[in-house]
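Enquirer: Model the full structure from these sequences, guided by the hints.
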Amino acid sequence: MNAPDTQKLVGTAVRRKEDARFLTGAGQYTDDVTLYGQTYGYFLRSPHAHARIASIDTGEAKASPGVIAVFTGADLANIGGLPCGWLIHSIDGTPMKEPPHPVIAKDKVRHVGDQVALVVAETLQQARDAAEKIVVDYDELPPVVDTGTAASATALVHDDVPANICYTWGHGDKAATDAAFAKAAHVTTLDIVNQRLIPNAIEPRAVNASWQRQDDSYTVYVANQNPHVERLLMGAFVLGLPESRLRIIAPDVGGGFGSKIFLYPEDVALTWASKQVGRPIKWTAERSESFLTDAHGRDHVTKAELALDADGRFLAMRVHTTANMGAYLSTFASSVPTILYATLLAGQYATPAIYAEVQAVFTNTAPVDAYRGAGRPEATYVVERLVEAAARELNVDPAELRRKNFIRTFPYATPVGLTYDTGDYEPLLARAQELADVKGFPARRDEAKQRGKLRGIGYSCYIEACGLAPSNIAGALGARAGLFEVGEIRVHPTGTVTVFTGSHSHGQGHETTFAQIVADRLGLTLDQVEIVHGDTGRVPFGMGTYGSRSLAVGGSAIMKALDKIESKAKKIAAHLLEASDADIEFSNGTFTVTGTDRSKTFGEVALSAYVPHNYPLDKLEPGLNENAFYDPTNFTYPAGAYICEVEVDPDTGVTEVVKFTAVDDFGNIINPMIVEGQVHGGIGQGLGQAMFERCVYDESGQLLTGSYMDYAMPRASDLPDYTVETSKGTPCTHNPLGAKGCGEAGAIGSPPAFINALVDALAPLGVRDIQMPATPHRVWQAMQAAQGANP
Amino acid sequence: MAIPIRLTVNGKTVEAQVEPNTLLVQFLREHLHLTGTHVGCDTAQCGACTVHLDGRAVKSCNMLVLQADGASVTTIEGLAKDGKLHPMQEAFRECHGLQCGFCTPGMVMAATALVQAKPDADAATIREQLDGNLCRCTGYHNIVKAIRQGQAAMLGGE
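Chains as they are written, first to last, in this note's numbering: chain A, 1 to 791; chain B, 1 to 158.
In case anyone wonders, no lab produced these hints; they're calculated from the structure.
Heads up, the beta-carbon is just placed ideally off N, CA and C, and yes, glycines get one too.
Computed footprint of chain B on chain A; a stretch qualifies when at least three of its residues, placed anywhere within it, have a C-beta under 8 Å from a C-beta of chain B: (1) 19-32; (2) 506-519.
BS3-like mimics (lysine-lysine), calculated; alpha carbons at most 27 Å apart, straight line: (3) A:Lys619 to A:Lys568; (4) A:Lys17 to B:Lys81; (5) A:Lys449 to A:Lys439; (6) B:Lys81 to B:Lys118; (7) B:Lys84 to A:Lys17.
Expert: Here it is, written out as structure tokens:
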């Protein structure tokens, strides 16, 4: 593909175009949209984790002031359940269990917050008041809550899913792994709980669904990361609607982090109900509903082992994980602890044999699905904690143990099914050590000791697989969809450009980054390029934004479309300049006949395409509008070295991150300011997991962390400044931008760096491991326990 | 029963009849269509709804509009003057202090009030003072940077 000759915008920290509206209150989020004839929806939700619905009486609610309709599961008897987008097979070859995922609960409720009825009223207050008058008679059942014991529980979340097991999946060469363990000089073993998190995008989920009488079609505004996927899932799989009758608009979306990928039951219920009532229905989740019903993240219980030879080389890794799916299979839930997890267990290391077994279980808790990193943070945590623990057990420098085992030659085929196209890990680690002043650490530790504080330093050398995904590979692994991306470039008669992308921005700044690419390529200013996303009525098609894929896949689709634009524009220019196509050069917005000063501007060519008076109409269609689908040939493999330094107050267990250093290789960078911002945010979430956040259900299945009073969201005073640097790096070898993706790195790399630092700080007391989140209470308990054991 | 109120919003006098249980944020969003003020939670924790009430930062989800009777309210829509961003808005743009933009109006309103109340606030104080505003996108790094820059610009007499 042609690289632009002159890059004015690509690679520079262009300030964001979208900020003008966000900073002045002119953004338009779903709840900001109010339609003619607007009504309001409110969901009555189950107060029980597990119960049979004996009866529902909606009579009084229906008679309440302002109520238009009340719907229960019985009203949706003909509506199918929500589909799961990824089929996993168990080791014995049987397909995963896919119990029905009803739009509104029919016979049973399976988690606190399960929707039981939808009330539609003239005002939200009236809908809420009426919902209180619905009488539901529940027969409570014993709940299944705990991940680790769900498979041995006597109660069943779904009557036809024995032992609550969705699947038992294996990956890698078990025999080779076991053989390597048998001859190992040293084996390091860890029990790991990767705790359940609640995503908490600050904009709650929201839907405004309407039905158009004139053509029996629906328009649905929804806070969503992938409107075409939402349309496909809801239209084709649930409501039986062709694409022409279902338009999904995801306008400004206030953060997603995975949680807005999925088709949620509320989206379907409101869309269906909008026709029943003949008026638009708006629903915005209260934060309490978000806590109860947004798909949660992580929730793994793992036993992990690393085998090493006498020289400290990794021989094999063996991992057993139990992953909690929650009450129902959310859209991509099944892929997260499998395809997105076990394939990453090689990390940056040349471990010859790896075997992972994953048992997915149902419980009476909210569904669990992708949350920033999705499987890869869990894998990285396993790998980087094992390596650190091994280094400590063998009394070797953890950085040197990593270096000894780094993959050094590329492409590299891992034993877990990926082929890393490129990478160079040594300089990342070296640079991170320099920035973190690792050499000065012993002096800082001693100085801290003088002040009565325990100081520790910890590493994490992560890798992730991004740029989801080669459709054929994903299909072979169980994906029920393609994972290409779409870009359309529409050049207007005046030479300005509208770009339609299937990627969706909910904070990533595509309106700027994508415009930088297009403006440079066509020799335009940033203002001459408009980026349109998030509307199935305007964008041809798309798979959306998740898995750090937007630039690597969506940007590449735009590059392909630009190639087509340039090719056609050259033909038009050749005609205007009376030259042959092959003699036309395009640079800096100007078409020139090679070796002459005869030229036409991009604007002149665009005008000619739409006013084709002097135009090769016999050979070329008028217009300048091109569409491209880009399907990647491999995943991309961003990598980095993170170093965290902490200081612990031994009296209270309070831990402060005193320095956090991140050096990442994302391949080529379009906008370094936006990339750094993505890393900052990822680290913020990663440290949130490592230090504070934990979703807690009690044994009856009640959510104890159901508000910001209870769930420990990181606040500004909890987090440090970050030292973030993007290395020159190794550009991706297989996409036209050489880009790898940066959205999840921070959340993937940072949790083990923090825990490794904390364990380093506490090691003099004899602490060997500590589970996330390492709250002051847990840290204090670990210190007390260690001191009790080593008085 | 609707009750009459009169207040100033972004410099304009507003008179309305409101139900007594109407929250200030509902009044701003639903009656005046000032949708820049956002609602991100139901426990007055996230701060996305922060506006100025007589120059002080308040959470508009946590008070009735009747409590603002006679007061002067400034929302994010009222911060820029004559098409020119307020120095704090400009600093957020310059420092990439926002990503999805949802917490941003509340952050900017909290930040401007913070600088007015504590003109000498250092970075640590700014972080403490942001206790009532949650952001999930930025990890706060660039928000703190932006507020420092906005602080300098505001105190520089712009």
